[in-house]
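Listed below, chain by chain, are the residues.
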Amino acid sequence: MRAWIARLAASIADQRDFLTQLDAAIGDADHGVNMDRGFSAVVRELPDDEELPGALLDRAGRVLIYQVGGAAGPLFGEMFRGAAESFARAHALDAEAWLGGLRSALDGVQRLGAAVEGDKTIVDALAPAVGAFERMVRSGKDLAAATAQARDAAERGMKATIPIQARKGRASYLGPRSVGHQDPGATSTYLLFEALDRTVREAGA
Amino acid sequence: MIRSVDRAARLLKALGSGTPRMGVTELAERLELPKATVYGLLRTLEQQELVQQDAETGKYRLGPALLQLGNSFLDGHELRARSLLWADSLASQVGEAVRVGVLHRPNVLIVHHVFRPDDSVQILEVGATIPWHACALGKAVAAFEGSACRAELLGGELVRLTGRTLIQAAALERELEEVAQAGVATEDQEAIVGEVEIAAPVFDHRGHPAGAIGVVGPVERVMPGEPAPAIVAAVRQVARGLSRDMGAGRVAVRGG
Chain A
13 MRAWIARLAA SIADQRDFLT QLDAAIGDAD HGVNMDRGFS AVVRELPDDE ELPGALLDRA
73 GRVLIYQVGG AAGPLFGEMF RGAAESFARA HALDAEAWLG GLRSALDGVQ RLGAAVEGDK
133 TIVDALAPAV GAFERMVRSG KDLAAATAQA RDAAERGMKA TIPIQARKGR ASYLGPRSVG
193 HQDPGATSTY LLFEALDRTV REAGA
Chain B
3 MIRSVDRAAR LLKALGSGTP RMGVTELAER LELPKATVYG LLRTLEQQEL VQQDAETGKY
63 RLGPALLQLG NSFLDGHELR ARSLLWADSL ASQVGEAVRV GVLHRPNVLI VHHVFRPDDS
123 VQILEVGATI PWHACALGKA VAAFEGSACR AELLGGELVR LTGRTLIQAA ALERELEEVA
183 QAGVATEDQE AIVGEVEIAA PVFDHRGHPA GAIGVVGPVE RVMPGEPAPA IVAAVRQVAR
243 GLSRDMGAGR VAVRGG
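In order, the protein sequences belong to chains A and B.
If you read the first sequence in our numbering, its first letter stands for residue 13, the second for the next number, and so on.
If you read the second sequence in our numbering, its first letter stands for residue 3, the second for the next number, and so on.
Simulated from the structure, these hints should not be mistaken for lab results.
Some hints here could point you the wrong way.
Pairwise CB distance ranges, derived in the manner of DEER restraints [what the hints assert, rightly or not]:
1) A:123 to B:129: 30 to 38 Å
2) B:232 to A:213: 49 to 57 Å
3) B:122 to A:101: 39 to 47 Å
4) A:64 to B:90: 47 to 55 Å
5) B:63 to A:147: 18 to 26 Å
6) B:246 to A:168: 30 to 38 Å
7) B:231 to A:153: 50 to 58 Å
8) A:174 to B:226: 48 to 56 Å
9) B:106 to A:171: 29 to 37 Å
10) A:22 to B:123: 20 to 28 Å
11) B:67 to A:153: 27 to 35 Å
Beta carbons: idealized from backbone N, C-alpha and C, even for Gly.
Construct all of the structure, not just a fragment, from the sequences and the given hints.
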């Protein structure tokens, strides 16, 4: 869990300018900077003596809400805190626990934002990734297979936001002008699954 | 109705629908018209600079005359024209963004937007439409509309934009009554997660709501727990001044 969060923070920092550039087309051009500030703070503020995944995720979620601001802060914060609740009830850090965590993360985001797939938001990457993860786990595949499929589904979902018109968030104020731009929130969500996939693969190797 | 004018208008709207450039065939399919007809419309609109043909691809896009028309619409808008100085002063007083909107049922059309004065990159929301029930501007106007208009608004489709958007007509009706009493409307992350708005109606010389002016910004600064009292007071004061500029009498300038 700790390795994944660290990798995700590094990935967000690496892609900061790209995320901001995406946001400049359809938002306030602050997504990359805000997410980087938030995840840097998460890494800095994760307690060293805490190993329970639920507690780590809850702490991360709170820091994100406080540090990221805008719409991304509450939405990514709720994603982490939703997952935290589910992990707190899990007994092991296995594929089942991750499935429960990811589903709660999606529930948290949708409760707050009321977005569905096709609205050009975080949900466009998150929902298919959770769906793919669930199908793999249900068919008896291991964690590495599930995270690989989830990563691919998130990537497809992220790219699918390009041609559609935003129906949620500030980008929706642009109406047709939001067409042709990739959603920054969906992109950050893909980075999250990409970091998870790499972390799981390295742990297994 | 004059058919060719209707067709030309539909053609312009199709070109403005997000696909930046379209060819004659694509437009003909979209509008379900013969290609020859679409071609004739395009050539006529091109002469008026309402559309332009791309020299390389031969495809069509909207023309420069439309920008002039759009600007003329904004320039001729009385509420917008009179709100410019008031909106600037409100934005600098509270340090947040200010928007002015009019009811364009069932949405609010943003006719003026002053950026948050902090040098950050922001997106111009002039021309944006927001469902009336999801923004404070819309609630501020709706609360002072006649009962027929209010009933129509409440009876229309109430889309959910966030988990906090009010979509029950009964709950919205109660809120409109409170707004009518208080003279000021609030919106708590009902359009965009993390963003809130405090707005007050602006009245014209007949005492009708001409639109609304409001402060929009992050929840932690504009509505930490409850609406920031200094912002509420500033919004009320500016809305009263703007209403007087619009010729509203003392009776109409409500909310004190």
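Tell me, which hint numbers fail for this structure? 5, 6, 8 and 11
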